[in-house]
Every structure is written in C-alpha cells, then in structure tokens.
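Enquirer: Sequence:
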Amino acid sequence: MPRVKSSATESKASRKAAAADTKKRTKRTKKDPNAPKRALSAYMMYSQANRDRVRKENPDATFGEIGKFLGAEWSKLSDDGKAPYIKKAEADKERYATEKAEYDAKKDSDESD
DNA sequence: GCGCTGATTGTTGGT
DNA sequence: ACCAACAATCAGCGC
Numbered sequence: 001m002p003r004v005k006s007s008a009t010e011s012k013a014s015r016k017a018a019a020a021d022t023k024k025r026t027k028r029t030k031k032d033p034n035a036p037k038r039a040l041s042a043y044m045m046y047s048q049a050n051r052d053r054v055r056k057e058n059p060d061a062t063f064g065e066i067g068k069f070l071g072a073e074w075s076k077l078s079d080d081g082k083a084p085y086i087k088k089a090e091a092d093k094e095r096y097a098t099e100k101a102e103y104d105a106k107k108d109s110d111e112s113d
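In case it helps, UniProt numbering puts the first sequence at residues 1 to 113.
The hints are simulated quantities; they were obtained by calculation from the structure and are not laboratory data.
Keep in mind that the hints are not guaranteed to be accurate.
[As the list claims (entries may be wrong)] The list that follows gives simulated cross-link-like pairs (lysine-lysine, BS3-like), each with its CA atoms no further than 30 Å apart:
id	residue 1	residue 2
1	K76	K37
2	K87	K27
3	K76	K31
4	K31	K93
5	K30	K76
[As the list claims (entries may be wrong)] Just the calculated beta-carbon pair ranges, DEER-fashion:
id	residue 1	residue 2	range
6	R55	D32	33 to 43 Å
7	A105	K68	20 to 30 Å
8	K76	K56	28 to 38 Å
9	D80	T29	17 to 27 Å
10	G71	K27	15 to 25 Å
Please read all numbers here as calculations on a predicted model, not as lab measurements.
Think of the CB as a built atom: it goes at the ideal place given N, C-alpha and C, for glycine as much as any other residue.
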C-alpha cells in the first residue's frame with residue numbers, strides 16, 4: 001500500500017466527535033477571496049451514484065431517509081465497495097489540488113483583485 | 001509535530 | 001437561498 005502511516009494525524013477519531021458535538025454545520029462564512037472549493041468526499045460520490053437507486057427503491061423516502069439509507073449502506077460497504085467511490089474522491093482531490101494551486105498562485109500574484 | 005476546529009462537498013424537499 | 005442528517009476530508013491555526 002502506498003499509504004504509509006505518517007503518524008496519529010488520521011488515527012484519532014476526535015475531530016469527528018468534536019465536529020458532531022461542536023455545532024451543526026452547513027453553509028458557513030467564506031473567508032478566502034477565491035477559496036478553492038474543497039474536493040468531494042467518497043460519500044458525495046456515493047450519493048450521486050446511489051441517489052437515483054435509493055430514490056427508486058424508496059419513492060416515499062425524502063432527504064432524511066435517503067441520507068440515512070445511504071449512510072447505512074455506505075457504512076456496510078466494504079473497503080472494496082467504497083474503493084470506486086474513494087477513487088473518484090481521490091480524483092476530485094486532485095482537481096481540488098489544481099484549484100488550490102491556482103488559488104495559491106493567484107493569491108501570491110494578486111490577492112487584492 | 002501534533003490537535004482540533006472550521007469550511008466544504010452532494011442529495012432532496014419545504015418555506 | 002438556506003437548512004436539515006449522512007460521511008469524508010483537508011487546510012490552517014494553535015501550542
């Protein structure tokens with residue numbers, strides 16, 4: 001595996017609990033001028049891929065149910081099952097990296113606009 | 001160097 | 001247009 005454990009950075013499950021306890025988030029203020037919209041997570045890919053299927057199997061289900069269904073199945077999914085989604089997520093991360101690069105380059109060149 | 005928190009992504013449906 | 005649970009993820013700041 002190319003994934004070599006750097007340290008404890010990802011081991012701790014603190015932030016997830018903290019984030020859940022801290023406060024519900026959604027659209028929060030944007031501080032950066034041209035903030036490079038972060039990449040989509042594997043779950044986002046999963047929602048896009050399954051949103052149609054879930055909606056079809058659960059025509060009555062609305063956002064709430066769909067969300068829970070996707071989350072439940074997502075958790076049930078094995079690493080192999082997530083693999084394709086994670087792969088897309090990684091691809092998106094790369095896209096984000098490109099945006100970040102431009103964002104960084106831009107801010108370095110002209111941040112005042 | 002590690003630790004946490006904030007910000008962001010996408011879905012739908014209602015107001 | 002925004003917000004709600006669902007999960008992930010990263011970048012930036014703090015000590």
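Enquirer: If a hint holds in the structure, say so; if it doesn't, say that too.
Expert: A quick look at each hint next to the structure:
Restraint check: the Cα-Cα separation between K76 and K37 comes to about 29 Å, which is no more than 30 Å; the hinted pair holds. For the hint pairing K87 with K27, the CA-to-CA distance comes to about 26 Å; that is within 30 Å, so the pair holds. For a cut-off of 30 Å, the pair hint linking K76 to K31 is broken: about 36 Å separates their Cα positions. Of the pairs offered as hints, the one joining K31 and K93 holds, with about 21 Å between alpha carbons and a cut-off of 30 Å not exceeded.
For the hint pairing K30 with K76, the CA-to-CA distance comes to about 34 Å; that exceeds 30 Å, so the pair is violated. In this structure, R55 and D32 meet the distance hint of 33 to 43 Å, their C-beta atoms being roughly 34 Å apart. Between A105 and K68 the beta carbon distance is about 41 Å. The supplied range of 20 to 30 Å is therefore violated. Between K76 and K56 the CB atoms are about 19 Å apart, so this pair departs from the stated range of 28 to 38 Å.
For D80 and T29, the Cβ-Cβ distance of about 39 Å falls outside the hinted range of 17 to 27 Å, so the restraint is violated. Remark: the range hint 15 to 25 Å for G71 to K27 is upheld by a beta-carbon distance near 20 Å.
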